[in-house]
Amino acid sequence: MNVDLIVAVIVSAIAYGTPLVLAGLGELLAERSGVLNLGVEGMMLMGAVTGFFVSQQLGGPGWVVLIIAMIMAAAAGALMALIHAFLSITVRVNQIVSGLALTIFAGMAGLSSYAGQVWGIGGQHGVHQLTRVDLFGLGEIPVIGPILFDQDPFVYLSWGLVALVAWYLYRTRTGLYLRAVGESPRSADAMGINVTRYRYVHTIVGGALAGLGGAYFTLAIAPIWTDGLTAGSGWIAIALVIFAFWRPDLLLLGAYLFGALSSLGFTLQAHGVQMPSEFFSSLPYLMTVVVLAGASTTLARRRIGTPASLGVPYVREEG
Amino acid sequence: MIAIERSLDTPRWQRIALPFASLVLAAVISGIVLLVSGHNPIATYEQIYAASFTSSGALTSTFVYATPLLFTGLAAAVAFRMRIWNIGGEGQLYMGAIGASGIGLLLGSWPTLLLIPAMMAGGVVAGALWALIPGLLRAFLQTNEILVSLMLNYVAGLVMYFLIYDSQSYWRDLTSPTALVFPTGKTLAASATWPGLTIGTFTLPLGFIAGAVLAVLLLVLVRGTRFGFEMRVMGDSTSAATYSGMRTRRIILAVMALSGALAGLAGASQIGDFGHVLDPRGLEQAQYGYTGIVVAALALYNPLAVVVVAILIGALNNAGFALQGPGFPPGLVGTMEGIILFSVLGGEILGRYRIRVGSRVRPPETQAELDAAR
Chain H
0 MNVDLIVAVI VSAIAYGTPL VLAGLGELLA ERSGVLNLGV EGMMLMGAVT GFFVSQQLGG
60 PGWVVLIIAM IMAAAAGALM ALIHAFLSIT VRVNQIVSGL ALTIFAGMAG LSSYAGQVWG
120 IGGQHGVHQL TRVDLFGLGE IPVIGPILFD QDPFVYLSWG LVALVAWYLY RTRTGLYLRA
180 VGESPRSADA MGINVTRYRY VHTIVGGALA GLGGAYFTLA IAPIWTDGLT AGSGWIAIAL
240 VIFAFWRPDL LLLGAYLFGA LSSLGFTLQA HGVQMPSEFF SSLPYLMTVV VLAGASTTLA
300 RRRIGTPASL GVPYVREEG
Chain Y
0 MIAIERSLDT PRWQRIALPF ASLVLAAVIS GIVLLVSGHN PIATYEQIYA ASFTSSGALT
60 STFVYATPLL FTGLAAAVAF RMRIWNIGGE GQLYMGAIGA SGIGLLLGSW PTLLLIPAMM
120 AGGVVAGALW ALIPGLLRAF LQTNEILVSL MLNYVAGLVM YFLIYDSQSY WRDLTSPTAL
180 VFPTGKTLAA SATWPGLTIG TFTLPLGFIA GAVLAVLLLV LVRGTRFGFE MRVMGDSTSA
240 ATYSGMRTRR IILAVMALSG ALAGLAGASQ IGDFGHVLDP RGLEQAQYGY TGIVVAALAL
300 YNPLAVVVVA ILIGALNNAG FALQGPGFPP GLVGTMEGII LFSVLGGEIL GRYRIRVGSR
360 VRPPETQAEL DAAR
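Going down the list, the protein sequences come from chains H and Y. Numbering of the first sequence is given in numbering that gives the first Met the number 0, commencing with residue 0 and proceeding in unit increments. Numbering of the second sequence is given in numbering that gives the first Met the number 0, commencing with residue 0 and proceeding in unit increments.
For the record, the hints were derived by calculation from the structure and aren't laboratory data. The structure displayed is predicted, hence computed values, not measured ones. For every residue, glycine included, the Cβ atom is placed at its ideal position computed from N, Cα and C. Mixed in with the good hints there might be a few duds.
Claimed, not checked - Chain H is faced by these chain Y residues, among others (derived, beta-carbon under 7 Å):
hint, residue
1, 160
2, 242
3, 245
4, 334
To be verified - A short list of chain Y residues far from chain H (calculated; beta carbon distances all over 10 Å):
hint, residue
5, 36
6, 151
7, 196
8, 278
Whenever a hint applies, use it, and build me the whole structure from the sequences.
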């Protein structure tokens with residue numbers, strides 16, 4: 000395989016992986032607080048439709064319009080997450096059920112489709128699109144240029160957010176408290192941490208990031224809106240968080256690995272190696288199951304980082 | 000600050016009235032959404048009702064959508080009632096469809112009367128085996144079954160895609176020239192079609208009848224057998240079950256296998272009752288496995304209630320597809336379903352609790368206050 004091909008595979012993996020990084024980081028924050036949100040696909044679609052609508056409505060310089068569209072997409076995702084937060088944290092509906100209900104509500108045959116119809120944006124061609132920005136004119140450098148310095152703003156944003164979340168989780172007091180809430184809400188509560196507030200904030204910020212991830216489709220990949228255009232990315236983002244064992248650095252690598260593996264089968268077939276693409280695509284899921292099963296002791300599980308209270312509502316009065 | 004605390008005495012009438020009140024609330028909220036976006040709520044509801052039940056052929060297609068949800072709903076109800084969070088119904092359904100269509104193709108020359116149970120068995124075994132992977136890991140290694148069963152859904156989907164799109168498998172149609180360009184599965188022989196019960200113009204699928212019978216059997220199993228008693232004890236408290244000497248591992252495995260078998264039957268019914276061909280895209284887009292979990296939750300994990308809820312959600316889904324086109328907004332049905340789910344799920348739990356707004360209530364201090372509080 001020559002170098003150009005490898006660069007092409009990496010560049011396409013980054014394009015594939017960027018919405019996964021954004022939505023995955025959001026899900027990671029929510030799950031670190033103990034809230035599993037299976038509504039990612041719905042939140043992404045709401046972000047995608049809202050971002051596109053806003054970018055079509057506003058006048059003014061393109062970059063201002065696009066920034067406002069991204070903010071509104073994040074707000075739409077956050078609003079969806081608020082529903083899940085209220086139901087699962089305050090009302091204590093089962094998190095799995097509430098998240099799935101959110102996917103039905105906002106998803107492909109739900110509110111995102113309805114909004115697209117009411118706003119009449121189906122079939123429109125977008126006025127604005129985020130294009131690649133050649134950073135410091137370094138995009139021409141062979142190999143690393145196209146990978147590191149010639150990406151669209153969403154990609155740079157996703158890298159910045161990965162660094163920010165990693166710093167937040169491991170280097171700040173609030174991040175430490177967040178991990179405590181996910182690990183043992185009772186102890187966190189005894190320390191005086193407001194468990195409910197932590198869960199609300201991180202679930203909602205998680206929704207905002209999912210909305211942003213959805214907006215990548217309509218503001219960067221192709222400026223059009225069709226129902227269900229995220230095509231299951233939200234579901235893959237959920238798997239990605241587990242695959243990355245709730246760590247932002249692994250999440251970034253994992254997102255690009257998912258992207259590379261999804262095209263590896265075709266690339267190899269073009270070079271005469273007959274391996275089905277499904278084999279490569281299923282590897283991350285199978286590897287995750289093996290590692291989860293292997294980490295059967297409490298110590299190993301703690302090292303992996305599965306938030307111990309994931310999926311469990313916190314009730315102060317009981318027990 | 001809003002806090003919610005367990006209410007000690009919920010009047011019986013309240014528990015019955017609540018779901019209905021929640022449904023009315025959902026109808027009102029959906030109505031506001033419709034009004035705001037320039038539609039007439041009453042006319043829209045009438046359209047949905049007709050498309051679900053009264054217009055020609057509507058009831059038959061409502062049951063087409065209700066049948067898979069009945070099975071996946073029962074699959075989720077059995078596991079979730081036990082606090083075993085099997086969210087792998089989706090993948091177990093795919094595996095059931097693979098198993099049942101494999102048997103149907105292999106034994107296509109058999110008489111229908113023998114072939115139907117064989118296909119059902121194929122779905123049951125495939126679904127149960129797939130569910131036993133997270134079941135065994137949970138029972139012996141305490142691995143989180145939510146995560147494992149979720150991951151296996153993607154793998155099952157990929158297996159299905161591999162069989163039809165990326166291999167020369169037994170399931171794929173390799174005979175016709177168009178099928179080589181646009182891969183499809185082999186269509187099963189006519190003998191593998193499950194006959195429905197036809198009353199006038201209405202056809203009740205065999206799968207639905209089987210599912211309804213299973214719902215009754217499950218109720219008997221849970222309420223009237225020793226195994227069901229153990230399941231209920233474990234569902235309420237795993238430690239109580241362990242201390243009283245129940246073999247919790249065996250119960251976990253049995254429940255996972257049962258849940259997977261029911262989801263596998265959903266896949267078998269998709270082949271035998273409706274599709275007659277393994278269609279990865281169609282099965283994946285329908286998301287019956289995930290929707291089944293919501294159906295089970297709405298039914299409060301009661302098998303008989305699952306039958307009713309599956310018909311209602313099936314009716315709404317059917318209306319959503321039937322009314323596609325100009326004059327009816329796409330996405331409206333999903334939005335309404337979501338509003339119903341939020342309202343009923345939230346309302347059900349709120350009914351068991353009291354809402355307290357404001358600061359913490361001071362506990363009664365004197366006997367007189369205590370009496371007044373009662």
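Status of the hints after comparison with the structure:
| no. | hint | result |
| --- | --- | --- |
| 1 | 160 | holds, 6 Å |
| 2 | 242 | violated, 16 Å |
| 3 | 245 | violated, 21 Å |
| 4 | 334 | holds, 5 Å |
| 5 | 36 | violated, 5 Å |
| 6 | 151 | violated, 7 Å |
| 7 | 196 | holds, 30 Å |
| 8 | 278 | holds, 16 Å |
The structure fails hints 2, 3, 5 and 6 (numbered hints given earlier, in ascending order).
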